[in-house]
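Visitor: Residues per chain are reported as follows:
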Amino acid sequence: MTNEELKELVTTWFSGPESAHLEFTEEGSQFLNISIDPDYLHELMSWLKTAQQTRFDYLFCLTGVDWGKELGVVYHLESTIHRHILVVKVQTSDREDPVFDSVQDIWPTANFHEREVFDLFGIKFKGHPNLKRLFMPEDWKGFPLRKDYEDEVNMVVK
Amino acid sequence: METATITNNVKSEEYFINMGPQHPATHGVLRLLLTIDGEIIKKVEPDLGYIHRSIEKMCERDSYQQIVHLTDRMDYLSSHINNEAVCLAVENALQLEVPERVKVIRTIIDELTRISSHTLWWGVMGMDVGALTSYFYGFRDRELINDIFEETCGARLTMNYNTPGGLRNDIHPNFVKRVKEFIAHFKTKLPEYDKLLTGNIIFKKRTKGVGVLSKEDAIAFGASGPVARGSGYSCDVRKYHPYSALDKVTFNEALHTEGDSYARYLVRIQEMWESISIIEQLIDIIPEGNFKVATDAVIKLPKGEYYQKVETARGELGVFIISTGTKNPYRMKFRSPGLSNLSLLNHITVGGKIGDLVATMATIDIVVPDIDR
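So the sequence lines, in the order shown, correspond to chains D and L. Following our numbering, the numbering of the first sequence begins with 16 at its first residue and continues without gaps. Following our numbering, the numbering of the second sequence begins with 7 at its first residue and continues without gaps.
Don't take each hint at face value.
In silico DSSO-like links for lysine-lysine, alpha-carbon gap of 27 Å or less [what the hints assert, rightly or not]: (1) L:K63 <-> D:K141; (2) L:K49 <-> L:K359; (3) L:K63 <-> L:K333; (4) L:K49 <-> D:K162.
Since the hints were made in silico from the structure, they are not lab data. This one's a predicted model, so the numbers in the text were calculated from it and none came from an experiment.
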């Protein structure tokens with residue numbers, strides 16, 4: 016599907032695209048980007064995986080991002096059948112208790128990748144069966160990839 | 007004297023054992039928590055992070071030229087391909103066209119790297135199932151590639167030969183001659199590999215039908231590289247998203263449909279033949295020209311997001327850069343093939359024997375620094 020067709024299709028899935036805060040952009044990226052309200056994330060992802068026209072069966076990259084004020088997750092999806100690529104983004108301004116729905120029930124590969132994001136950004140994933148730190152020791156304080164993280168001992172600042 | 011009788015209602019109990027982090031068969035500092043019942047594996051849980059260096063955090067403070075050498079230290083057996091991924095991402099962001107000479111040399115060294123990685127894997131694979139000879143054969147042939155790298159790049163393992171805009175220096179005058187010598191030599195040695203392991207009945211019994219991964223699961227677990235292609239999932243980045251000089255060559259994607267350890271083994275053997283073929287197609291047509299185009303001393307990427315995938319010896323490596331227009335990336339993510347491939351280890355080993363775990367792990371071909379980053 017072309018990006019235009021994808022846009023139209025995804026819009027029809029939500030009766031009120033405004034309430035899901037659905038936004039499309041291709042600016043500054045080689046792929047089509049969709050931003051969505053975190054409440055609708057799981058619904059959108061299930062559709063993208065199962066719908067015949069999209070069939071995004073391969074989640075090839077799951078990235079946590081600290082945007083300064085907001086924390087977010089970026090999902091890179093590819094269809095091994097149609098060979099199109101799509102980027103889905105969510106973000107929240109709650110830095111104390113950021114929670115998104117887990118997509119590991121849709122793509123099992125998300126299991127480890129969500130643990131990595133939890134470990135380094137402190138973002139929780141609702142519905143994840145084994146959400147614990149992946150790399151850092153369990154008693155580690157703080158989340159190293161956040162922009163406001165400070166560690167006077169281990170960090171070399173230039 | 008009372009004789010002991012054997013009854014059928016023997017009760018067994020699940021228990022934990024610890025494998026690693028210094029276990030030789032984990033190929034690095036990986037620890038596995040195994041739940042087993044007798045000899046049967048109930049659960050495999052990897053414990054990671056023993057060599058986590060937070061390369062992604064370091065990238066946020068480094069310039070784009072400095073980042074390249076950090077990627078050597080991820081999958082160190084594919085270091086040249088990792089370097090190339092970062093350079094391609096930066097060059098695409100700057101819309102910088104590199105000379106044809108650079109593209110061809112990059113692809114030749116990519117494929118030499120792949121052969122070097124696969125020969126090491128082949129040697130270690132044999133050793134993991136108890137055949138020590140293969141280890142020496144693999145290392146003997148790999149040594150010749152390392153010599154070529156040493157002469158041209160100045161390093162044998164962490165080469166750091168790529169730089170945004172091209173190569174750090176031109177190839178050594180001996181490069182073409184030595185690569186040809188190596189190819190001629192290696193073509194006589196690869197059939198020996200087949201004699202030693204591929205057709206070996208003990209080896210076949212240890213790997214056939216063991217650790218079976220279906221095509222659907224390979225995709226769902228995000229597998230890539232030879233692990234995915236052993237399950238019949240066509241995913242070669244070199245085919246679907248060609249980069250550098252890969253559009254100039256023809257090669258076959260190695261595919262097997264059985265999904266067991268033996269299929270993954272055959273894929274890698276076939277990939278070595280394909281790599282030889284790619285090098286042969288390119289080695290005589292290295293164009294004249296510059297080995298580099300000049301970039302600004304301080305590289306600033308335009309504001310935006312950039313994604314580049316390449317095929318390392320282990321699978322799909324993704325580099326995701328978010329730039330805000332400054333001299334450092336705002337966020338740099340490496341999608342490593344190893345982490346996704348490791349995540350399916352539990353799935354394919356549960357229900358099997360503990361003795362097969364080592365052989366199955368060897369066919370997944372894990373490099374731990376690639377996972378830990």
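Visitor: Does each hint hold? Answer for all of them.
Guide: Against the structure, the hints:
At roughly 26 Å between alpha-carbon atoms, K63 of chain L and K141 of chain D fall within 27 Å of each other, so this suggested pair holds. Annotation: proposed proximity of K49 of chain L to K359 of chain L holds, straight-line Cα distance about 11 Å (limit 27 Å). Proposed proximity of K63 of chain L and K333 of chain L is supported: the alpha carbons are some 15 Å apart, at most 27 Å. Proposed proximity of K49 of chain L and K162 of chain D is contradicted: the alpha carbons are some 36 Å apart, above 27 Å.
The structure fails to meet hint 4 from the earlier list, while all remaining hints are met.
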